[in-house]
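Mind assembling these two chains? They're in different frames, but the hints should get you there.
Here the protein sequences line up with chains L and Z, keeping their order.
Here the first sequence is numbered in numbering that gives the first Met the number 0, starting from 0 and rising by one per residue.
Here the second sequence is numbered in numbering that gives the first Met the number 0, starting from 0 and rising by one per residue.
If you are wondering where the hints come from, they were derived from the structure by calculation, not from laboratory data.
Check before you lean on any hint, since a few could be wrong.
[Claimed, not checked] Across the chosen pairs, the derived CB separations fall in these ranges: (1) Z:Arg146 - L:Pro52: 11 to 21 Å; (2) Z:Tyr98 - L:Pro76: 51 to 61 Å; (3) L:Glu96 - Z:Thr140: 54 to 64 Å; (4) Z:Glu128 - L:Pro52: 21 to 31 Å; (5) Z:Val125 - L:Thr51: 34 to 44 Å; (6) Z:Gly108 - L:Ser67: 47 to 57 Å; (7) Z:Val100 - L:Val99: 24 to 34 Å; (8) Z:Arg139 - L:Gln120: 19 to 29 Å; (9) L:Val99 - Z:Ala129: 36 to 46 Å; (10) Z:Lys45 - L:Gln130: 26 to 36 Å; (11) L:Asp35 - Z:Thr73: 54 to 64 Å; (12) L:Ser15 - Z:Gly53: 43 to 53 Å; (13) Z:Ala129 - L:Ser62: 37 to 47 Å.
[As the list claims (entries may be wrong)] Simulated coverage check for chain L against chain Z, where a stretch passes if three residues somewhere in it have a Cβ under 8 Å from a Cβ of chain Z: (14) 2 to 13; (15) 37 to 48.
A virtual CB, placed ideally from N, CA and C, is assigned to each residue, including glycine.
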Amino acid sequence: MMKVFSISGSAVSAQSQRLNVVASNIANAESVAGPDGQSYRARQVVFQSMPTPDGGAGVRVASVIEDSAAPKRVYEPGHPMADAEGYLTQSNVNVVEEMVNMMSASRSYQNNVEVMNTARQLLLKTLQMGQS
Amino acid sequence: MGNRLTEALDFHGRALLLRAERQKVLAGNIANADTPRFAARDFDFKAALAEATGSPAAGGPARPGAAPVSVAQTHAGHLRGTGGGTGGPGRVDATALRYRVAEQPTLDGNSVDLDRERANFADNAVRYEAGLRFINGSVRTLLSAIRGE
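In isolation and in its complexed conformation, chain Z is listed as follows (with noise of 0.2 Å):
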């Protein structure tokens, strides 16, 4: 019953664990920028969105029991990643990460585009924004709902 009460909640709840995820990689291509040899980096986010939530399809709200995150290791020098085996919902795994091709050659191996990366973020910080705004509107639908108001 409960589950079905924050079943939004939940959706947009993993969206923006998802989201400060992403944030956090933008933020170290950014700092990467002047790094020789550093190859930029991202991930799907419908993709870690659709595994997060565990519907084939990401946009609807979540299925109730969907499978956490988690990225096999099938070598003992595979990077660990975010869940630390237990891969908690809505975290996306290291391991799933992608290098990004750059477009323009540098003469260091850097592939990171500072443009394309700065646009990236601020796209990202508005989104987790809208997010957090669809939480806050949840909120206020169920508080309304329980106060009979």
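So that you can see chain L by itself, here it is in the shape it has in the complex (with noise of 0.2 Å):
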């Protein structure tokens, strides 16, 4: 029982993570290409299963990668980060689909979180086992 909290303790810290990526993300959304051309690239992690050798299975961020697509190019003249034809060159964030992100690793923060609970509250009363 008590290896549940490593594997739950393991989901919550890879979610976590996500989540800071999520939020990397969204913060960098609107970002422009700097001097050197190069805008903001959205990242993601990659989930990988953690094999315990007891038979459970952790999950840990196996890396981070970049996202390959093109940046956005934003016609915008004004704009003193603009290039000679008067576009600009921001990341290649998708909001919405950061937006589920989020939503879905808060959700399964929530479920891992609920799982250490109830781990916690079966331990708990273990603990008194023949008391009483």
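Take a look at the structure:
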């Protein structure tokens, strides 16, 4: 039963890392390219199952990949960072996708916290076994 | 003699260990609800309990001298599992885990049905607690017999 905490704990940690990445993406949704012409690229976490030696399965963030989609091009000739044609290069973050990602991550986070609470209650009752 | 006295306790103790094991497996499924290509796993509780208590039909008290659970390792690449070869009673081996059949296929190959897993988890938690109460009841019965109240 103690293993439940490490399994759900790993999931909670992975989901919170996913939330971090989502926050970073949403924060940079409108970022424009710097002088080097490189704009912010959306980042995504890659989850991987992490088997424990006794048959359980935790989860970990195997890597954080950068979205290879083309950056957004917006026509804004008055902007100081606009290029010769009047276009502005923005990040390739899809805000709608990120919002969905955020909701999914927060739901999964809650689920795993609930699992830990249930396990905690059961363990506490197990500790009182044979008393009373 | 002592075996007779604690026969019922023994059975419920083994059942409790299996419940805890299943709780862990289900927690793993819930933890991996967003992992691509993860296959949800579970084990046949009835069969595992029958094996752990050494009785063909799970439901009665354990037979004395029940054989401990151990899964044969016929290949060097097989997982070692809980028992580590010795297989303590009431412990299920990792190789005994089965993959759940997905009701709805997903694009990322994940076969965890979160609703089902949560229902199973809640069900298992209640049964674990029921096992605890059985044990507490047996202990109380034994104590009152010892004290002669």
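Hint check:
The given range of 11 to 21 Å is broken by Arg146 of chain Z and Pro52 of chain L, whose C-beta atoms sit roughly 44 Å from each other. Our hint of 51 to 61 Å for Tyr98 of chain Z and Pro76 of chain L holds, since their Cβ atoms are close to 58 Å apart. Between Glu96 of chain L and Thr140 of chain Z the Cβ separation comes to about 60 Å, which falls inside the hinted range of 54 to 64 Å. Against the hinted window of 21 to 31 Å, the Cβ-Cβ separation of Glu128 of chain Z and Pro52 of chain L comes to about 28 Å, which satisfies the hint.
In this structure the supplied range 34 to 44 Å is violated for Val125 of chain Z paired with Thr51 of chain L, their Cβ-Cβ distance being about 25 Å. Gly108 of chain Z and Ser67 of chain L have their C-beta atoms about 21 Å apart, which leaves the hinted 47 to 57 Å range violated. For Val100 of chain Z and Val99 of chain L, the hinted distance range of 24 to 34 Å is satisfied, since their beta carbons lie about 27 Å from each other. Taking 19 to 29 Å as the suggested C-beta distance range, the pair Arg139 of chain Z and Gln120 of chain L conforms, at roughly 21 Å.
Taking 36 to 46 Å as the suggested C-beta distance range, the pair Val99 of chain L and Ala129 of chain Z conforms, at roughly 39 Å. Range check, Lys45 of chain Z to Gln130 of chain L: Cβ separation about 30 Å, and the 26 to 36 Å hint holds. Range check, Asp35 of chain L to Thr73 of chain Z: Cβ separation about 59 Å, and the 54 to 64 Å hint holds. Separated by about 45 Å at the C-beta atoms, Ser15 of chain L and Gly53 of chain Z satisfy the suggested range of 43 to 53 Å.
Separated by about 43 Å at the C-beta atoms, Ala129 of chain Z and Ser62 of chain L satisfy the suggested range of 37 to 47 Å. For the segment 2 to 13 of chain L, the stated coverage by chain Z is satisfied: 6 residues place a CB nearer than 8 Å to a CB of that chain, which reaches the threshold of 3. Note: the segment 37 to 48 of chain L has 4 residues with beta-carbon separation from chain Z under 8 Å; the three-residue rule is met and the coverage holds.
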